[in-house]
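If you read the sequences in order, they're chains A and B.
Going by the UniProt record's numbering, 255 is the number at position 255 of the first sequence; the sequence numbering is gapless.
Going by the UniProt record's numbering, 235 is the number at position 235 of the second sequence; the sequence numbering is gapless.
It should be emphasised that the hints constitute simulated quantities derived from the structure, not laboratory data.
Cβ coordinates follow ideal geometry from the N, Cα and C atoms, glycine included.
A couple of the hints might just be wrong.
[To be verified] Covered, in the sense of this in silico footprint (three residues per stretch, anywhere, with C-beta under 8 Å from a C-beta of chain B), are these stretches of chain A:
id, segment
1, 30-37
2, 45-58
3, 120-128
4, 142-151
5, 163-173
6, 218-228
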Amino acid sequence: MTTAAPARTRAAAVPAPGAAARRPRSRRRLAPYLFVLPALLLFAAFKLYPIGSSFVLSLHRTVGGKETFAGADNYNRLIHDPLFWTALKNTAVVLVVQVPLMLALATGLAVALNSRLLHGRSIFRLGFFLPMVTGLVAYGIAFSVLLNKDYGLVNWLLGLAGLDAVPWLTDPLWARISLGLALTWHYTGYNAVILLARLQTVPAELYDAAAVDGAGAWQTFRHVTLPGLRPALLLTTVLSTIGTLQLFDEPFVLTGGGPDNATLTIGVYLYQNAFKYFDFGYASAIAYALAVLIGILGLIQFRILGEKT
Amino acid sequence: MTTTPARRARGILLTAGLAIVLAAVGVPFYWLVVAATHSSQDIFSSPPPLLPGGNLPENLATLQETADFGRVLLNSLLIAAVYTVCAGAVCTLAGYGFATYRFRGRSGLFGLIMLGLVIPVQVTLVPLFRMMSDLHWLDTYQAVIAPNLALPFGIFLMRQSMSALPAELLDSGRIDGCGELKLFWKVALPPMKPALAALAIFLFLYQWNDFIWPLIVLRDSSSFTVPVALASLQGLDNTDYGAILAGTAIAAVPMALVFLALQRHFVSGLLAGAVKE
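Use the sequences and the hints to build the structure in full.
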């Protein structure tokens, strides 16, 4: 905004609208399309075409590399496939448990990072954002060794505290918890930074007014901070939901979907069907089921969180 | 704001509390560096090593021997560099077009590209894989690079940043006789340097860390990128964790350094895209 001001005053001296029309009209009209053309062509070739092609594939059966039309067979198989439902359930657990916990943590972190009482704010912001920069494979491997049942650092520390070793990656329940911990470690700081940026746009007068009215810390948070955060909360919720539904890298590297399919996500199941069993038709049906789910959940979230903004 | 002793105490308490949390968050980083300098046997001994050891050269030698890691690093660097330049150009051009012109179909076309943000990556994996196979592009750099050049998030980011360009600035350039392309290059781009830096870091990190797509199109170990090579090492029966973790640390450290050096642009640039509606 501030950078725009000097340019505006300078431009006010020249008769802008009439002069701009002096350029050849046809070229001006064509220009925007030429700027967006490379992106549109690439997008059409590598995104739109595969999206359509994936749907056609989902209506075919793949046997030994050959495809025959199968109508809704793949979708029918999907509905009766217990592994698909397991994958869906596992994904839903992350969505219902890990995402809200992480966003609550991120909100708390954002409020703390925004506090005028905090020393060295920029160092903290940077530090909490850093896990996001680490590649998924890198942190997946690091976590898998840290959480090793017999020799991992975490269990060794628990032992020092006099606690029993936890079967982090080998017990179905603990494997889910480990996955949740890894995800929280990776994404909380990122979400906190998005929320923090929004928080900084909440006018200070609102806080001053709340203080004058004698509002306590909780009331201020409830009536000033939270409403101010609403659009950013919507954004982080939608992004986290999409990310969770597509979850692949972490379970693939950390647990391989195990033990006993406890961390099998839709993303991992899709990958197995496509690139392990080469059943492209069925994999495409799974992909479409996933896309529909994301669409529905996205709409619901916009309705609930977006209604007052 | 006057600082009363009570406020000061609360500030110190808050800072100390957050410092403890940050230290806990930093443990995996610290431990990664420590583990990278120990042998597999040391890593899996009790108590686990807490300080750096002297086994890094051996780990790197093993890594080079089992995974041709020098080649793998070179693959990753080349792919990420070429991708950053090409995708940066595509996204910046498109972002500029969408941000500064009013034209027929603008919002429709932009909406279409934003659809790419919501459609799960997995939907396109199978057809894209077959496309790459039909083109005989499997195991090539272009197979990794081409499909993600028009990255919806990159286009979104650049449109947000470019929409801050004052229309008067562009119009005065036109009056001075600038062609549209020259206008973009000479007038619009120079003030966009911070946004371009953010985009470049984002694209580089995205490509450097990307896993599922390279995993699918790279079949031969000589064409592997760093994440694919590390994951394939982990799948071996007698996994040498000292070597893997040395590779992991090598893959993570430069990224952390690039990020630290340019973080001011990165965070602010990303936030410009993330929060403005």
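Sort out which numbered hints this structure fails and list those numbers smallest first.
5 and 6
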